[in-house]
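S.K.: Model the full structure from these sequences, guided by the hints.
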Amino acid sequence: EDKVVQSPLSLVVHEGDTVTLNCSYEVTNFRSLLWYKQEKKAPTFLFMLTSSGIEKKSGRLSSILDKKELFSILNITATQTGDSAIYLCAVGNPDKLIFGTGTRLQVFP
Amino acid sequence: NAGVTQTPKFQVLKTGQSMTLQCAQDMNHEYMSWYRQDPGMGLRLIHYSVGAGITDQGEVPNGYNVSRSTTEDFPLRLLSAAPSQTSVYFCASSPLRRDEQYFGPGTRLTVT
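These protein sequences, in sequence, are chains C and W. Per our numbering, the very first residue in the first sequence carries number 177; after that it's consecutive. Per our numbering, the very first residue in the second sequence carries number 10; after that it's consecutive.
In case anyone wonders, no lab produced these hints; they're calculated from the structure. Given the structure is predicted, the values throughout are model-derived calculations rather than measurements. Take the hints with a grain of salt, since some may be wrong.
What the hints assert, rightly or not - If you want the footprint, here are the derived chain C segments under chain W, 3+ residues with CB under 8 Å:
#1 198-210
#2 219-231
#3 272-280
Unchecked claim - Cross-link-like lysine-lysine pairs, in silico, DSBU-like; alpha carbons within 30 Å at most:
#4 K23(W) with K243(C)
#5 K23(W) with K179(C)
#6 K243(C) with K179(C)
#7 K244(C) with K216(C)
#8 K217(C) with K23(W)
#9 K244(C) with K217(C)
#10 K233(C) with K217(C)
#11 K18(W) with K244(C)
#12 K216(C) with K232(C)
#13 K233(C) with K179(C)
#14 K232(C) with K213(C)
#15 K179(C) with K217(C)
#16 K272(C) with K243(C)
#17 K272(C) with K213(C)
#18 K179(C) with K216(C)
#19 K233(C) with K216(C)
#20 K232(C) with K18(W)
#21 K272(C) with K18(W)
No residue lacks a Cβ here, since even glycine has one placed at the ideal position from N, Cα and C.
M.R.: See the structure below:
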């Protein structure tokens, strides 16, 4: 059975801290790994990774994929209160996205 | 572009009632999908479509029907609502063979 597991389930930090969110997967026909941010409403796209070892960056966020060990990490440096959200990891195989349960990040001033 | 739109935003149904959740996109995306999101369970795929006239089941299809008569629209029908269908429903779309899906704002459904 295909599965995507995220850890930790929940994280509470102070502004300025650096956080690392984890995503491991066991999925047949892997095509890509995606990260989404979900605040109050719809998930919004952050990154898509298809190749091992190539870091993707967007401002204070970065992500990397290890296809040999079947995991990805999402790093957020110098966290801000606006980073508070649920971060979702999903694996794309043909025709579907398989989601993990998410990591809830709370950033306090 | 409006992107992916969903109506209604909120709905309360009684057990046994039927209704249709509407989803439309104006990006000419071939792929459209429906998910439900429940606490502690992430997003689960209900049904998806790779083009007009083609639909297929996802992980949790029971109790739901879909059809895709146009590229733009992908309605989700609840045939006989049950309390277990209380959830937040998201519609999403993407170009074919692209995994980056764009999500609508969601419909919060409560079945009493």
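S.K.: Please go over all the hints and tell whether each is borne out by the structure.
M.R.: Okay, the hints, checked on the actual structure:
1. Counting residues of the stretch 198-210 of chain C whose beta-carbon sits less than 8 Å from any beta-carbon of chain W gives 3, enough to reach three: the coverage restraint holds.
2. With 4 residues carrying a beta carbon less than 8 Å from a beta carbon of chain W, the stretch 219-231 of chain C meets the three-residue requirement, and the given coverage holds.
3. Counting residues of the stretch 272-280 of chain C whose beta carbon lies closer than 8 Å to any beta carbon of chain W gives 7, which reaches the threshold of three, so the coverage claim holds.
4. For the hint pairing K23(W) with K243(C), the CA-to-CA distance comes to about 47 Å; that exceeds 30 Å, so the pair is violated.
5. Annotation: proposed proximity of K23(W) to K179(C) is violated, straight-line Cα distance about 34 Å (limit 30 Å).
6. Restraint check for K243(C) and K179(C): satisfied, since their Cα atoms lie roughly 15 Å apart, inside the 30 Å limit.
7. At most 30 Å may separate the alpha-carbon atoms for a hinted pair to count; K244(C) and K216(C) exceed this at roughly 34 Å.
8. Annotation: proposed proximity of K217(C) to K23(W) holds, straight-line Cα distance about 25 Å (limit 30 Å).
9. For the hint linking K244(C) to K217(C), the alpha-carbon distance of about 34 Å lies beyond 30 Å, and the restraint is violated.
10. Distance hint between K233(C) and K217(C) is fulfilled; the C-alpha atoms sit about 24 Å from each other, no more than 30 Å.
11. As the CA atoms of K18(W) and K244(C) are separated by approximately 42 Å, the hinted pair breaks the 30 Å bound.
12. Annotation: proposed proximity of K216(C) to K232(C) holds, straight-line Cα distance about 25 Å (limit 30 Å).
13. Under the criterion of a C-alpha separation no larger than 30 Å, the hint pairing K233(C) with K179(C) is consistent with the structure, at around 26 Å.
14. Taking the CA atoms of K232(C) and K213(C), the gap is near 15 Å; set against the 30 Å cutoff, the hint holds.
15. Distance restraint check for K179(C) and K217(C): the Cα-Cα separation of roughly 24 Å lies within the 30 Å cut-off, and the hinted pair is therefore satisfied.
16. Distance check on the hinted pair: K272(C) and K243(C) sit about 19 Å apart at the alpha-carbon level, within 30 Å; holds.
17. For the given pair, K272(C) sits about 19 Å from K213(C) by alpha-carbon distance, which is consistent with the 30 Å threshold.
18. With a C-alpha separation of about 25 Å, the suggested pairing of K179(C) with K216(C) holds against the 30 Å cut-off.
19. Proposed proximity of K233(C) and K216(C) is supported: the alpha carbons are some 24 Å apart, at most 30 Å.
20. The suggested pairing of K232(C) with K18(W) is violated, with an alpha-carbon distance near 34 Å, which exceeds 30 Å.
21. For a cut-off of 30 Å, the pair hint linking K272(C) to K18(W) stands: about 25 Å separates their Cα positions.
Violated hints, listed in ascending order, are 4, 5, 7, 9, 11, 20; each of the other numbered hints is respected by the structure.
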